[in-house]
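We have chain A already, so just place chains B, C and D on it with the hints.
4 protein chains.
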Amino acid sequence: MSTPLSIGLIGQKFMGRAHSNAWNQAPHFFDLPRVPRLELVSARNLRELKPFAERWGWARFSAEWRDIAEDETIELVDIGTPNDLHAEQAIAMLEAGKHVACEKPLAGTLEDARAMRAAAKKCKGQKTFVWFNYRRCPAVALAQQLVADGKIGEVQHVRASYLQDWAGPDVPLLWRFQKKHAGSGAHGDLNAHIVDMARFITGDEIKEINGAIAKTFVKERKRLDGKGKGRSTVDDAVLFLTTFKGGAIGSFEASRVAQGHQNRNTIELNGTKGSLKFDFEDMNLLWYYDGGDDPKTRGWQRIMCTAGEHHPYAGNWWPDAHVLGYEHGFVNMAADICKVLGGEQPVAALPDFEDAYQTQRVLEAALLAAKERCAIPMSQVK
Amino acid sequence: MSTPLSIGLIGQKFMGRAHSNAWNQAPHFFDLPRVPRLELVSARNLRELKPFAERWGWARFSAEWRDIAEDETIELVDIGTPNDLHAEQAIAMLEAGKHVACEKPLAGTLEDARAMRAAAKKCKGQKTFVWFNYRRCPAVALAQQLVADGKIGEVQHVRASYLQDWAGPDVPLLWRFQKKHAGSGAHGDLNAHIVDMARFITGDEIKEINGAIAKTFVKERKRLDGKGKGRSTVDDAVLFLTTFKGGAIGSFEASRVAQGHQNRNTIELNGTKGSLKFDFEDMNLLWYYDGGDDPKTRGWQRIMCTAGEHHPYAGNWWPDAHVLGYEHGFVNMAADICKVLGGEQPVAALPDFEDAYQTQRVLEAALLAAKERCAIPMSQVK
Amino acid sequence: MSTPLSIGLIGQKFMGRAHSNAWNQAPHFFDLPRVPRLELVSARNLRELKPFAERWGWARFSAEWRDIAEDETIELVDIGTPNDLHAEQAIAMLEAGKHVACEKPLAGTLEDARAMRAAAKKCKGQKTFVWFNYRRCPAVALAQQLVADGKIGEVQHVRASYLQDWAGPDVPLLWRFQKKHAGSGAHGDLNAHIVDMARFITGDEIKEINGAIAKTFVKERKRLDGKGKGRSTVDDAVLFLTTFKGGAIGSFEASRVAQGHQNRNTIELNGTKGSLKFDFEDMNLLWYYDGGDDPKTRGWQRIMCTAGEHHPYAGNWWPDAHVLGYEHGFVNMAADICKVLGGEQPVAALPDFEDAYQTQRVLEAALLAAKERCAIPMSQVK
Amino acid sequence: MSTPLSIGLIGQKFMGRAHSNAWNQAPHFFDLPRVPRLELVSARNLRELKPFAERWGWARFSAEWRDIAEDETIELVDIGTPNDLHAEQAIAMLEAGKHVACEKPLAGTLEDARAMRAAAKKCKGQKTFVWFNYRRCPAVALAQQLVADGKIGEVQHVRASYLQDWAGPDVPLLWRFQKKHAGSGAHGDLNAHIVDMARFITGDEIKEINGAIAKTFVKERKRLDGKGKGRSTVDDAVLFLTTFKGGAIGSFEASRVAQGHQNRNTIELNGTKGSLKFDFEDMNLLWYYDGGDDPKTRGWQRIMCTAGEHHPYAGNWWPDAHVLGYEHGFVNMAADICKVLGGEQPVAALPDFEDAYQTQRVLEAALLAAKERCAIPMSQVK
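The listed protein sequences derive, respectively, from chains A, B, C and D.
Sequential numbering of the first sequence, starting at 1, is according to the working numbering.
Sequential numbering of the second sequence, starting at 1, is according to the working numbering.
Sequential numbering of the third sequence, starting at 1, is according to the working numbering.
Sequential numbering of the fourth sequence, starting at 1, is according to the working numbering.
For reference, chain A alone in the conformation it holds in the complex (with noise of 0.2 Å):
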């Protein structure tokens, strides 16, 4: 019989109702050695709160964060507030002995960053985990394991794109245009997340950025308040072209205003033998080109990643190609923590905050290589 794993939530947004759920529906589709238990969420807003935890299971609620870290009941804390509240929270509950999940990026900044990754390394041997869910999509979590195992050759070519388009000039000046909120635009947001698959599919690191660009196309935006308009402090778009150790070069892009496209999240990779490429609008997907194939047949093979037997995370959910959705990279990173807590091997690896801060890194250095209009080895961030 498992223990149960009691859990403390700061965040009842978008972030916190996708981990509420994940939480939720873990141990309806895996067996795990340790069961979440939804102890104790926490948000500012009351009124909103109440119903939020009573939806979701949550046993208690409070305004305070810091209750959390003073209850000795709860052993994992996870972290859905905006970046700029990340390494206060997440410092604050490592200091109170818990593990914590933070999500990603990291942090708004590189220094709060810096910091967190500190915390973890003094801590008292907590485990600490990013939410970069993407990787737990199967057909991102198979597609690092067919690198591994040395089916495209070494990597040439590594193409990212994370293309959204709702940040058009009707939108008001959000706190996510606010650069002492949200640290960056489009760059923390999508790039953070394409840069951290990059690195875990093809388990290399950037070495160098060799040219950036960070733009904001919509330079005002109507103010919340109804008072005329403010400037947006971030980038809606910013790419990027990097050299990787291994001697891979890659591409990264990501924008807000990149009209036709919702969530297209790319990711393509060509090495000495083959190529896989991924678009998370068709996230069931993988497709696979075999450069040792018969030629005769030899193409892209479209890999329905849902084969219980045969890909990740699949056999926990339904027959094949009874396909799965955004939020379930959510709750098969839920089960890997659990699993993890538990003394067992997670299905993909983790990120901790060590390996959330070498992405965090690879993000600053881009916006370095945007401003000075050179190349940056990565030598030069710290």
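By construction, these hints were calculated from the structure, which means they are not laboratory data.
Careful, some of the hints might be misleading.
One copy or two, it doesn't matter: identical chains are merged, so the pair holds either way.
Said to hold, decoys possible - List of simulated lysine to aspartate or glutamate pairs, EDC-like, C-alpha gap at most 20 Å: (1) K207 / E372; (2) K13 / D31; (3) K273 / D170; (4) K245 / E205; (5) K371 / D282; (6) K273 / D294; (7) K273 / E220; (8) K296 / D282; (9) K219 / E154; (10) K127 / E344; (11) K296 / D279; (12) K273 / D149; (13) K273 / D293; (14) K13 / E309; (15) K296 / E309; (16) K121 / E88; (17) K296 / D149; (18) K50 / D31; (19) K121 / D352; (20) K371 / D352.
Note that the structure is predicted; figures quoted are calculated from it, not measured.
Chains B, C and D alone, transformed into the frame defined by chain A:
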């Protein structure tokens, strides 16, 4: 404050699991006038049932399904058993005054279906529902709206197929290959879905079966008891042609041996003004062709049916293009049932026993056409 | 040094143009044992014929097609006229000792087709050819090779359709809508192609028509002489189901009113070991599913059929993925005819009158099944 | 009656063949004010040249290209030789008073390109043309029209790549891998095309290169003379980021080692009102997203660019969706050149030496950015 809706479930296999998930998830994502209470689950294998009940949060469990009929607290009974059990169970529940939600197809035989329909007609006003889950994919529900709005004009062609490939010669003689249990093979399992979808989307009824083929490719299969081989008594594939009352002509095909298709449930409609196409393997998309569009830019439009304000059910889930999966059709259906039992309108029309009986008649007529080797007017099948 | 192959052509419309282009282009891209010489073209409208002959390099022209029969220099006669003229012209040419290449379908009626086949049988050894051009798309020719090589095992399903949308109610009463000239509507025009393709790729013959629908949606059309409306005497769409001698079951559909499909000629085959799919609107691709592939990476393979060393005809054209178009099927066929008349093997088998007559029988049987509202064994149609 | 346009061609390899075909086919499909006359072809290998001239209908041939300059009957000289020969040949022809149509890129070096542009400026009014064939794919020409018509608003993103995979380590040290002959590798060969397409479709110019990578993955290749290995002195892949004068930001990538891509020439534009996408491997399609469309049915529209009355060049070819291939871009270009030299307007704008020189400057600036590891304003490259 909503009154809970107390539910009893029969069955703990694939559908027992899908339905349990639906009842759990519906109140997480929908504001419901009646909130499901998972009260009592029944299935023959008690050893499996106990952990099943625990996993999915069923308050009580029993090896005897009649316990549900006798439990006065239960308002709605959900039937997820093999086809040959539907009639006995559903009729008993209706007689006990329960609402009934029955897995599709309505029954294994038309005779059973007729009895169920009669029981529904003479009961004291309870509601009946049949789990044709694909109606509640947002793309399918949107297709129905667009046809009803006249966007494609008068429907002329209906082209539906449901292809799977799991039933090769190595698969043993499961109950699914035995007529006495399953009623039919691919026909009742898969054609049932696409006949329902075609009737739902067009809002029209089939007037005649113009021809049909029923084929068993794998005539003998290994017996489960290891004693050699036994005959498969069901079809592996059934194709048929139809005429609709409104003048459209259609083709339907179901197969379990169509290599390369795991769950390829597709339907296309061509009307006088435009066309629509759906493929479950890319279930978040609906393809629309507007014949009246500017011919310079006219073409099939790839609608990502995830825009909260514009597409059925989408607003209850995630942001745009944060795609849904297989199970969401069931959750959407559970929510619609709760709405209807709470006096509200469902998002998309819910099939009752009368409606599902019409689908069953079509299936019967198709088999008759295959056997008689001639056209069969629907009026010939009662 | 090759002897020229002297050609006479009848017809200067769509097919006159496609064939003229094919005879011009074949020697540019193929090394041929006989090089086409465009000797004499005939058509009724002399005013149009003169510039046509000049444009395409025909040495002479005549308003009287019998001039070709009487011209002793001409070895091969190419017939590109409406269906009701094929028999008279082809038989005359065979009697005059010419080889004949006739546009498809072989004829407008089965009676005509039978007479043509008889004339071919009793002639003095000349060759006959029928312009089923799609056989010679590299992807279709490759499909035939893969089936013959056993790559998909025994064929179980054949699924073919040819959809167009040009024949809405605003199109006037052209000869194509008059049975006496066209024989039939979408059926002879489009089903002819896909029946030929199915027979070619499978290498099998249809044993029985299991049911059929022939439908005229637009019953009256504006007369070309402006005098009100006249009746369309042909089908707009024909669907039928078939059983093949080898045990496969099939469906065929042709329509001219399927909005959104301009030239959607598709065929799919599912066998015991794998599957193949072709769609002319993306004609350079063949999709292949190898059921025996590693299930971890197995999936439909997108074969770009343009690799010179590996794919039929590809080596005669451009580098890999420098894609081909519609007319290339005709050029490939012209080249194969020149090869055969020069004593060489064609790349893909060429249909003769006997072969095309078998296709015509299938078309006739399908119409009979639609009319009689029952299954029709092919043995019933002579 | 039109006066013939007498043409001389230099080169008999891939481009000699593509151009010969274009001059032959243009008058078959277009009504031209000047009809090409294939007068004189020149190439060094006389043994190959004779059959080449015969096959393609060149009236005369010569091993000495200067014979064309000295031939007074020739009006237009078509240059299809390696990049390092363009300048000498083109300048000689301009000085001899000929119109010149030169294969792309304009030259192997910017210095050569500059000299060619100067020669074009000071000649006696002859026309110059550069064979950027992809401009004349109907889908690309349509994209240009839609952008010019304001259909996608102000362009914000340009995303272009041209991927091939033929240059693996087994390919020997061809002239294409030697800088002195080729100028560069994938860059001049492939990026040249997509820079031209981007400039053509947007109607905008690049203001700055923001960063670049030039990479040679295969550093040594087998020498053709069998004497061991020699160094490849060109790039296998070049990526760069750009800013356009109008404010758009762009990325460009060319590779010859991207496994699975044989001729993947793609461009996408996102504007304030909509988006466009093109992929040469499915060249008859243009994808269009109209951001202003009804959000209920809005989506990427698959435009089959073959509608005679509506799409550029389509009316000269076949019925709708009777698709075109690679060579048609060349034929369309040959037709446009004949039109321009006959005093008519081309369907799509023709690039002259001045225009192609601007593309060359961009390529040069990109290489400079890669070498200098910093941003390069275009003003720095003359």
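Hints, one by one, checked against the model:
Taking identical chains as interchangeable, the C-alpha atoms of K207 and E372 lie at most 20 Å apart whether they share a chain (17 Å) or sit on different chains (17 Å). With identical chains, the CA atoms of K13 and D31 are at most 20 Å apart between copies only, with a shortest distance of 17 Å across copies and 28 Å within one. Taking CA atoms no more than 20 Å apart as the test, K273 paired with D170 passes between copies only; the shortest distance there is 13 Å, against 47 Å inside one copy. In this assembly of identical chains, the alpha carbons of K245 and E205 lie at most 20 Å apart only when taken from the same copy (6 Å versus 34 Å across copies).
Proximity of K371 and D282 under a CA criterion of 20 Å is satisfied in neither setting, with 35 Å inside one chain copy and 38 Å between copies. Taking identical chains as interchangeable, the C-alpha atoms of K273 and D294 lie at most 20 Å apart whether they share a chain (13 Å) or sit on different chains (17 Å). Taking the closest pair of Cα atoms, K273 and E220 come within 20 Å of each other only across two copies (18 Å); inside a single copy the shortest separation is 48 Å, beyond that limit. For the identical chains of this complex, K296 and D282 are inter-copy neighbours only, at 18 Å across copies versus 27 Å inside a copy, given an alpha-carbon limit of 20 Å.
In this assembly of identical chains, K219 and E154 lie within 20 Å of each other by CA distance solely across copies; the values are 15 Å between and 42 Å within a copy. Within a single copy, K127 and E344 get their C-alpha atoms as close as 13 Å, which meets the 20 Å cut-off; across copies the closest is 47 Å, which misses it. Taking identical chains as interchangeable, the C-alpha atoms of K296 and D279 lie at most 20 Å apart only when they sit on different chains, with a minimum of 19 Å there against 27 Å within one chain. Taking CA atoms no more than 20 Å apart as the test, K273 paired with D149 passes inside one copy only; the shortest distance there is 12 Å, against 27 Å between copies.
Proximity of K273 and D293 under a CA criterion of 20 Å is satisfied in both settings, with 10 Å inside one chain copy and 18 Å between copies. Within a single copy, K13 and E309 get their C-alpha atoms only as close as 36 Å, which misses the 20 Å cut-off; across copies the closest is 18 Å, which meets it. In this assembly of identical chains, the alpha carbons of K296 and E309 lie at most 20 Å apart only when taken from different copies (9 Å versus 29 Å within one copy). Taking the closest pair of Cα atoms, K121 and E88 come within 20 Å of each other only inside a single copy of the chain (16 Å); across copies the shortest separation is 64 Å, beyond that limit.
Taking the shortest Cα distances, K296 and D149 sit within 20 Å of each other only across copies (12 Å), while inside one copy they are farther apart (25 Å). Taking the shortest Cα distances, K50 and D31 sit within 20 Å of each other only across copies (15 Å), while inside one copy they are farther apart (30 Å). When the C-alpha separation of K121 and D352 is checked against a cutoff of 20 Å, the pair qualifies only within one copy, where the shortest distance is 11 Å, while the shortest distance between copies is 60 Å. In this homomeric assembly, K371 and D352 never come within 20 Å of each other (Cα to Cα): the closest approach is 29 Å inside a single copy and 37 Å across copies.
Of the numbered hints stated above, those contradicted by the structure are hints 5 and 20, listed in ascending order.
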